[in-house]
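Number of protein chains: 2
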Amino acid sequence: MRTIKKVLVGQSGGPTAVINASLAGVIRQAHEHDLKVIGMRNGIEGFLEGRTANLTDLFHPARNHHTYGKQAVELLARTPSSFLGSCRYKLPDYEKDLPFYQHLAHSLASLDIDGILYIGGNDSMDTVEKISAYFAANHTDIPVIGVPKTIDNDLEGTDHTPGFGSAARYIATVVQELARDAEVYGKPSITIIETMGRDAGWLGAASSLAREKNEQAPDIILLPEVAFDEERLISKIGALFECKKSIIIVASEGVRRPDGSTLLAKSKVRMDAFGHLADQSGNALYLAELCQKHFDCKIRGINLNSLQRCAIHAASETDLREAWQLGAAGVDALLAGKTACMVGLQRVSDTPYQTEVHCVAVAEIANKVKHVPADMISDDGCWVTEKALTYLRPLISNGNHEAGSQEGGLPVFIPKLSQNNGF
Amino acid sequence: MRTIKKVLVGQSGGPTAVINASLAGVIRQAHEHDLKVIGMRNGIEGFLEGRTANLTDLFHPARNHHTYGKQAVELLARTPSSFLGSCRYKLPDYEKDLPFYQHLAHSLASLDIDGILYIGGNDSMDTVEKISAYFAANHTDIPVIGVPKTIDNDLEGTDHTPGFGSAARYIATVVQELARDAEVYGKPSITIIETMGRDAGWLGAASSLAREKNEQAPDIILLPEVAFDEERLISKIGALFECKKSIIIVASEGVRRPDGSTLLAKSKVRMDAFGHLADQSGNALYLAELCQKHFDCKIRGINLNSLQRCAIHAASETDLREAWQLGAAGVDALLAGKTACMVGLQRVSDTPYQTEVHCVAVAEIANKVKHVPADMISDDGCWVTEKALTYLRPLISNGNHEAGSQEGGLPVFIPKLSQNNGF
Numbered sequence: 001m002r003t004i005k006k007v008l009v010g011q012s013g014g015p016t017a018v019i020n021a022s023l024a025g026v027i028r029q030a031h032e033h034d035l036k037v038i039g040m041r042n043g044i045e046g047f048l049e050g051r052t053a054n055l056t057d058l059f060h061p062a063r064n065h066h067t068y069g070k071q072a073v074e075l076l077a078r079t080p081s082s083f084l085g086s087c088r089y090k091l092p093d094y095e096k097d098l099p100f101y102q103h104l105a106h107s108l109a110s111l112d113i114d115g116i117l118y119i120g121g122n123d124s125m126d127t128v129e130k131i132s133a134y135f136a137a138n139h140t141d142i143p144v145i146g147v148p149k150t151i152d153n154d155l156e157g158t159d160h161t162p163g164f165g166s167a168a169r170y171i172a173t174v175v176q177e178l179a180r181d182a183e184v185y186g187k188p189s190i191t192i193i194e195t196m197g198r199d200a201g202w203l204g205a206a207s208s209l210a211r212e213k214n215e216q217a218p219d220i221i222l223l224p225e226v227a228f229d230e231e232r233l234i235s236k237i238g239a240l241f242e243c244k245k246s247i248i249i250v251a252s253e254g255v256r257r258p259d260g261s262t263l264l265a266k267s268k269v270r271m272d273a274f275g276h277l278a279d280q281s282g283n284a285l286y287l288a289e290l291c292q293k294h295f296d297c298k299i300r301g302i303n304l305n306s307l308q309r310c311a312i313h314a315a316s317e318t319d320l321r322e323a324w325q326l327g328a329a330g331v332d333a334l335l336a337g338k339t340a341c342m343v344g345l346q347r348v349s350d351t352p353y354q355t356e357v358h359c360v361a362v363a364e365i366a367n368k369v370k371h372v373p374a375d376m377i378s379d380d381g382c383w384v385t386e387k388a389l390t391y392l393r394p395l396i397s398n399g400n401h402e403a404g405s406q407e408g409g410l411p412v413f414i415p416k417l418s419q420n421n422g423f
Numbered sequence: 001m002r003t004i005k006k007v008l009v010g011q012s013g014g015p016t017a018v019i020n021a022s023l024a025g026v027i028r029q030a031h032e033h034d035l036k037v038i039g040m041r042n043g044i045e046g047f048l049e050g051r052t053a054n055l056t057d058l059f060h061p062a063r064n065h066h067t068y069g070k071q072a073v074e075l076l077a078r079t080p081s082s083f084l085g086s087c088r089y090k091l092p093d094y095e096k097d098l099p100f101y102q103h104l105a106h107s108l109a110s111l112d113i114d115g116i117l118y119i120g121g122n123d124s125m126d127t128v129e130k131i132s133a134y135f136a137a138n139h140t141d142i143p144v145i146g147v148p149k150t151i152d153n154d155l156e157g158t159d160h161t162p163g164f165g166s167a168a169r170y171i172a173t174v175v176q177e178l179a180r181d182a183e184v185y186g187k188p189s190i191t192i193i194e195t196m197g198r199d200a201g202w203l204g205a206a207s208s209l210a211r212e213k214n215e216q217a218p219d220i221i222l223l224p225e226v227a228f229d230e231e232r233l234i235s236k237i238g239a240l241f242e243c244k245k246s247i248i249i250v251a252s253e254g255v256r257r258p259d260g261s262t263l264l265a266k267s268k269v270r271m272d273a274f275g276h277l278a279d280q281s282g283n284a285l286y287l288a289e290l291c292q293k294h295f296d297c298k299i300r301g302i303n304l305n306s307l308q309r310c311a312i313h314a315a316s317e318t319d320l321r322e323a324w325q326l327g328a329a330g331v332d333a334l335l336a337g338k339t340a341c342m343v344g345l346q347r348v349s350d351t352p353y354q355t356e357v358h359c360v361a362v363a364e365i366a367n368k369v370k371h372v373p374a375d376m377i378s379d380d381g382c383w384v385t386e387k388a389l390t391y392l393r394p395l396i397s398n399g400n401h402e403a404g405s406q407e408g409g410l411p412v413f414i415p416k417l418s419q420n421n422g423f
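Protein chains in written order, with our numbering: chain F, 1 to 423; chain D, 1 to 423.
Same shape as in the complex, but just chain F (with noise of 0.2 Å):
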């Protein structure tokens, strides 16, 4: 097993409010193991390009005082996006490309690198799962991790993905908040609000937890596990309208119809370098059209956008520990000669919340998609069931961080009036 000395990190894929505390807790665990860490710029691409970070000189407490303070790791885990830099860069197969991959051979020996670590979503276990694959057939004994990261949950081998937390609290928080904005002049309306989730409803799910807070909002929940009905759609909203004024939908960028097509057109629709769909966003521009046909109201649509993948204000401490804690248990993996595993979390409790760190073999995980299994979703396929909420609930948590008027990491308002509190 190699004497590990020399850590190589990466960021890849969108990034999250809470990539940069997993990128902290890699640091900071090096640095108590004595280990020497660099940072891929860019990602992959960008290491391959011959740009690094010298992490070691500018966070070990030791040798900062010219670049960052004392607190700095604190500091770099409280920053959203990528602070390295991230890339989307599918690595060709081995069999395929071979000077390719000795090309990453070379750079990591001239840099004296003992293991890697890369910290992203689907595509980056790609990446994690191809590298060790060509190390193992060319027995070379570096190890790779990976630490996930997606706001989107989609990841196979972890209860739930660092970054999700985060940017389902925002999603909560600000359902919460526009509903209230939404009915204040006591007139029909209907609000689309479009959350990300190319291929899972997760985040769209997420937004569940608005309406435990009494917030009678959202109303409706699209998620792309579940085909979209037009007919459907409308109808439900007249039948809401028979009871409330304000109607609020949230729409995952993901929905898709029975055929499988995006809602949108498909000459707004282009391949990204993995094959994903993307420009998917405009689904809420999309359903307030729709929706205009139908009923004669004022119809507003928001898109959340990267609003809700970098909204570090808004984080969850719940989310932000655990992001820390999967990036140091990455560097106790390399140290436990450990290669071509994802770190992950597995959930013991639901309450008191517990999780525990374990390793998963990439090659089962990767290019994989965890959808919101069906036992989570209602059975008019537009609400989810207590299963999910039972699941989401904690990872919005601040635990202690709460604030005067929160709750369960969401904040608390005042009871809506009632028809009859007048004269």
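Keep in mind that the hints were calculated from the coordinates and are not lab data.
Remember, it's a predicted structure, so these values are computed and weren't measured experimentally.
Even for Gly, the Cβ is constructed at its ideal location relative to N, Cα and C.
One thing to keep in mind: the hints can contain errors.
Stated by the list, open to error - List time: in silico DSS-like cross-link candidates among lysine-lysine, alpha-carbon distance up to 25 Å:
#1 K298/D / K90/F
#2 K36/D / K90/F
#3 K36/D / K298/F
#4 K36/D / K416/F
#5 K187/F / K90/D
#6 K293/F / K236/F
#7 K416/D / K6/F
#8 K90/D / K245/F
#9 K187/D / K90/F
#10 K416/F / K6/D
#11 K36/F / K338/D
Stated by the list, open to error - Here's a subset of chain D near chain F, in silico, CB distances under 8 Å, partners left out:
#12 P80
#13 F83
#14 I312
Claimed, not checked - Just the calculated beta-carbon pair ranges, DEER-fashion:
#15 T3/F / D350/D: 55 to 65 Å
#16 P373/F / T351/D: 33 to 43 Å
#17 S235/D / C297/F: 35 to 45 Å
Once you've looked at the hints, dock chain D against the given chain F.
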């Protein structure tokens, strides 16, 4: 002078994050003086339909055991959007519609109302002026006082309006976050963030506070006060691309061409009850399409939409405190026998930040718009001056409520990696 025993209070116009803090101030101060408080539901419009709320029943500490808990007024203050509901309702001139005012007078008499407080912006001050003008002409001794609120900060007669500081803090915070998010791939990109601000650019200007936190963003601020110049914008972006990759543009929804027309096609524009242009929103989309024609890079348009006016989760504590203070001051003004006035804030000092409450005749301010003055806008028209920053800074402050990595009301991030931190 009439003895005040029962106060009627209404909320009107677009909601804000802290408009209920003003209502809370009214309720607490009224109860301190043993006054009863009746709420108009949906402003003057709902009141004229006979819809009210007995706020003393709901919120008096001795009476609220059935409805709300002991901390009810504090919880109300931290609940966004108008608790009483709102309206956009333009009153007729009393010379032209006497029956309207007779109906109003009858409704007030039937509830034994001794004084009226109306929490709102420009249009609401028009309501205050018209009612008080009718009363003056008819020797009715019911005083009418306006309490300012508007996230747009475009109201004369006060240093700034409650609601603005919280929206400003929200905008500067998310601009900091979005700027970090936008540069993650290290590739050229343009991000256009649209703020509210139909007539005045205060909200857009407030995004300048983000750059103070070493975030190097936004790069360009487009204000309604500066005629939109397409060529200048494109040339400015081109120049910025010479020295940086990720360009952040903040555009007020009210940005107009030199001929006064909005950026959007006229077909999308309609007038609201007060003759304002509605549906202006969409500048981000327009500018994104414009940039797409000139630059081959990733372009993203983000409309902050209603998010910015209900984000109590990111409220400024200074703003919350002042909103409450002005609600209480409204009650004091009624008790002091004032009428046809608006209570407002006068700034005594920037550092330390100090204000005093004063009263201004509503006739002097109704239907006027306070624009960002020329000496707060930089010579090139797309940034603000130090005078603007000095004005803005204290308004977003969280004072003693600052959490760990906050400074001046905004999050503090780890400084960015520079080019020479590698090997």
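Evaluation of the provided hints:
no., hint, result
1, K298/D / K90/F, "holds (19 Å)"
2, K36/D / K90/F, "violated (68 Å)"
3, K36/D / K298/F, "violated (35 Å)"
4, K36/D / K416/F, "holds (20 Å)"
5, K187/F / K90/D, "holds (17 Å)"
6, K293/F / K236/F, "holds (15 Å)"
7, K416/D / K6/F, "holds (23 Å)"
8, K90/D / K245/F, "holds (23 Å)"
9, K187/D / K90/F, "holds (17 Å)"
10, K416/F / K6/D, "holds (23 Å)"
11, K36/F / K338/D, "violated (71 Å)"
12, P80, "holds (5 Å)"
13, F83, "holds (7 Å)"
14, I312, "holds (6 Å)"
15, T3/F / D350/D: 55 to 65 Å, "holds (59 Å)"
16, P373/F / T351/D: 33 to 43 Å, "violated (56 Å)"
17, S235/D / C297/F: 35 to 45 Å, "holds (43 Å)"
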